[in-house]
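*Asks:* Using the sequences and the hints given, assemble the complete structure.
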Amino acid sequence: MSGLASSSHPVVGMSGSSGLSHVYIQQPPLRCSIPGSRGLFYDDGNKIILSPANDQVYSWKVVPFDPVVAPISDSISDGPILAIRFSLDGKLIAIQRSNHEIQFQHRETGETFSQTCKPESEIILGFFWTDCPLCDIIFVKTSGLDLFAYNSESKTLHLVETRKLNVSWYVYTHESRLVLLASGMQCKAFTGLQLSSVGIIKLPKFEMAMAKTEANNKPVLAAEDVYIVTIYGRIYCLQVDRVAMLLHSYRFYRDAVVQQGSLPIYSSKVAISVVDNVLLVHQVDAKVVILYDIFLDSRAPISAPLPLLLRGFPRSSSLGARSSFKDVESSEAASYPSDHEATMYGDDWTFLVPDLICDVSSKLLWKIHLDLEAIAASSSEVSSVLDFLQRRKLEAYKAKHLCLAMARTAILERRPVTMVAKAIDVLVTSFSNSFKTGYFKGTKAEKAQASDAAYATGVNASRSDTTGKSVEREYVAGLDRESFERSTFIETDSDEDGNTGHVKPNTNGSSSKLLLGAETRRTGGQTLHSDNVGASNNILRSTLQPEAQVTSPAISPDEMYTFVFAPVEEEMAGDPSYLVAVIVEFLRSCNLERIKVRPNIYALTAQLLARNERYAELGLFIINKILEPSKEVALQLLESGRHNRQTRKLGLDMLRQLSLHNEYVVFLVQDGYYLEALRYMKKHKVTTVRPSMFLEAAFASSDSQQLAAVLRFFSDNNPGFRSSPDHNTYYHLLNEMNMAAA
Amino acid sequence: MGLSSVASNSEGMQLCIFDLRRGQNEGQELDKILFFHPADLPFSTQLSVIGLSEGLITFTRIFSPDAACEVIEAERHSHVFFEAEPDIWMVVIVEKNKEAEAIWRVDALRKVLKEVHSLFLMFHGSIRSLLEKEPAAGSVRSQLYIFIMDYLSDFHSSKKLQLPSFRDSLKERGTVQMLTVGREAAIEVQSLVRVVESCTGSPSCHSLLLFQDLLVSTTLSPDDTINLFTYTVLRLTPHALSTGLSSWSYLRKGSTASAAVTGPPVGSGTSLSEPFHGSHGTSAGDDHSHAMRPLQHNRWSKGKDGFLITDIWQAEPGSLVSVTPSIWLQQTEEKMYLCAYQHKSLTLIFLIPVSSIINGEQGILAVKQLVLENASLKILKVEEKLSKGWGGENAYHVSGYRYLLVDGDRNLSRASPPGKVTTLTKDSLLALSKLREEVDIEKSRTRWDNGGHEKDLEICTRARNNAWVISQVTRGKELYMVLENANETLLYASDAVQKFSNRYCNGAFSLD
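If you read the sequences in order, they're chains A and B. Letter 400 of the first sequence, counting from 1, is numbered 400 in my numbering, and no numbers are missing. Letter 249 of the second sequence, counting from 1, is numbered 1249 in my numbering, and no numbers are missing.
Not close to chain A: a few residues of chain B, all C-beta gaps over 12 Å, as computed:
(1) Thr1058
(2) Ser1064
(3) Asp1087
(4) Asn1097
(5) Glu1099
(6) Ala1102
(7) His1124
(8) Gly1174
(9) Asp1305
(10) Ser1322
(11) Ser1326
(12) Ile1358
(13) Glu1488
(14) Leu1491
Below 27 Å or equal to it, Euclidean Cα-Cα: the simulated DSS-like pairs (lysine-lysine) are:
(15) Lys1455/B <-> Lys683/A
(16) Lys682/A <-> Lys1499/B
(17) Lys625/A <-> Lys1381/B
(18) Lys363/A <-> Lys61/A
If you're looking for bench data, these hints aren't it; they were derived computationally from the structure. All values reported here derive from a predicted model rather than from experimental measurement. We treat Cβ as the ideally placed atom computed from N, Cα and C, and that holds for glycine.
*Replies:* Pasting the structure below:
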């Protein structure tokens, strides 16, 4: 590590193993070496790596990333190759042969045709395929853009539109569907176009900021210094200002480009990656990477600059084995044959959008991963770490586990209630948001909704079906990185939600600021009202889902109980009032977010209060319905009330109010109120309680009047009781009692 | 006979406290007397009153050792007994006089005795322990005298002591009135309570939260809650602090009159001793001048930081340095510092064990600071929430009904607002008072006969003015009701009760 980390960021979160790194690449890489290869090309539209060799082109799929994926080969005609991209439907291969010619080839038939431009006046800078309805492929030339549509009948391209302007160079990512065209002396004047599936949106022209050198030399902006990144569904442009050593960021709206502030850089060469919506600024010279979570306005890095780590082969256990992997790493380094593979930030490294590193010389492809455990361990600000983890989607399972563990630890360490409350707020809010957007539980939502809708959010459950479907669609769209959803500009200015697919009801109203978002929503028919969408989804599970099914780190109230409160309660010795305080905060958060809590948390709270003999408070909790009435709570009150009559009565009252007649009667009898129980039975027509229970109890009281009253009651009200053995037995017993009394 | 001279007393009321363990030898009988009101009665009269009481107690103990005499009903007087502590008795003697509206309910009078004693315990500790510390009893007497006279000052109306009479039948002393809050507000309140608790840093600290004169939350035991609630409503709530404002309260109708404390004794500390202890030989005069008077009016005010301040508690007897008030908890017998914070209508009281604060006033200041830092936002929020949901002083009025609802298990009561009760005719109130007397007797009979088993009871009577006067007791809950306009049938009346029960009592009175 260079002096950078120690000088500018003195030891932030350098404790323990977290000091190692927050970002890593994992052995083995994807090897793209083919004998006779003529270089590697990245087709971000199809997410494939292409390597032409001789008369073949080999392609490796990189999403999902699988290091042992076999390449697919297509034969192509010989000739120079400046660029190569497959059409989005995979039927055509486009190869830029020269500055003036692009050749197209049918993958199936091998037929070819070419498109050229006027060699004297213009140069083809590049091209890309698009899913814009107007056209299929776009040529970027020094004189402007040519938009072509492909006619599959005639197998030719025809020009749809030409946009004239001077272009020095351009940047495009398929992820954003955005092309930025640089022009002017310094190449800092930009025209932007988004070629989305609903049409072409032209951005207002804008200029990027460039600091002047001392000599008043005007620096020229290069294409390598401009990056388009997509974070949380918003599109930014990052621009390296080498003179000022700053990374300027611009955010694109429908009708404006707004500069968003600048990040410092510590290296003349930087590279940008985005992993799971976290911005990685690689300080290539310093061989460290700085992480930013550009979600809120904060421009503070997540933690200190740390090197990128090369990890050995995947560890078997996914969690909690951090200590072991230092060893793995060193042994790997020794045993692994090719040393050069470990050349971090070598000159041959190319950073591909969004999260790949390509080592051009050794033909290796690495995928960048975040080390969530290390990041989580690097800060003591529990709530901000939880906030960060809750926004992670790629390793949702791991993030979820980390969150649960952190919540448990914070409570066990008896951190101040206000601090724990903040952390709980983060978790509950995040759950509420993912619940509203349907991320939670994902596609499984509908199956369980019928049975569990009653538990959802206290919302009208009957309207679940229609909304449920649209939510699901959005969920699917949200996860699929290729989908259109991702590529649109989403208005999240006032939106505190991190989910890409999340729509607030007010977005439709403020659509003028959206570049595309509003239209998409309308075509999708999704006018979601956060409150009633939730009803369609099921929030209940007793156990954590298997890893593969976890699509969001959001933690349901039930999981909070099962994985936080219940274990903590077992482990925590002594005064339970601290835990009660934490649960109260949890209930407060849930109530604010209108999330329904299952009775087991209430029962636990009642139990804790009773254990501490805080019966007066328990009474308040019940009367004010902080602990909502349920059978579980009622039974807990009856249990805890064995040493406190008032509490027991609260339990009985609750049973009565819940119309649990049978239980109510049984407990009345247990407490010796036979006649009251009988009257109640008569009034509410309870027939499930056996007469013998009353008779036994009345006989045990050795009060002949009571027994006679009970006998009389059943004789009068139960047809057939007179001939039952119970009647005879107790009639005799009653006579004996009377005889003895006489 | 001694009693006749009692009757001639101007105020028609006598109140005494005596200790059966003292003054057993002839010639030392005066030692028994710990308190006597009016203090200017000759000792011979005082002794004859106490002698009669003592005789009756001794006599009735032969038959009922655990519960001796409760009341003597004479032709023109009622003697109400209360054994405040073992062998320490309080007796109040009231004159019966129909014209002067002097119609009493025994239990209501006994509750007055119980209340003043409980409050005394809270501030001074038990009388017995004070007597053990000071066998001569000089300062105990002066403390009792000042305390009870300050207490009675609340009962003065138009220069006359007015004890609770039949007109107060829709009130229940010794209970707490609660604010009904929604779930959301209740959670916010609990969140505030927990934060305050965590600030004090001691597991045995407690808090009490009031909105206006109504309890919102407590972490104290039921008995301590009643005491502290009573005191807070008497002296600490915003309404108690600003005695000039128009007032309402379930507890006291006469709080406004409190500013006009008259009567001879309460003026200054030293003058108190004159009539009382002159012949006892204990010169207690010095003690009086700085005896603590927590019930004295206008001694509390709101400080700049929102905490209530008072000069009642002093570091040294006679010193001018006032310290943080402290009180005794009945349940744990622990001494607690009392800190009261007020924001608008919200009064937050928290109690910190004296033993947990090492460096005295500085330590308390630190805790207060911590509470302000951590809880003031929550206090604002809770006050706002409660104010929004607050229905005003007639919030719990149910039109057509005049009612009193008592939850004996939780020591709660709720009643028609005093302003509405005054619309009842005298006949209705008299009938109600009589009915309550009957229920009181029935209740105490069940208590002795039946152990823990609670009996249900339902009485509907028709008063002279055709009003229905109804009482229903079910499993520890009591409902008293006057229906002046429901003059049709008994069915109509009982229907009205069912409706009320279902609507306002979760159906507690409609079990069968």
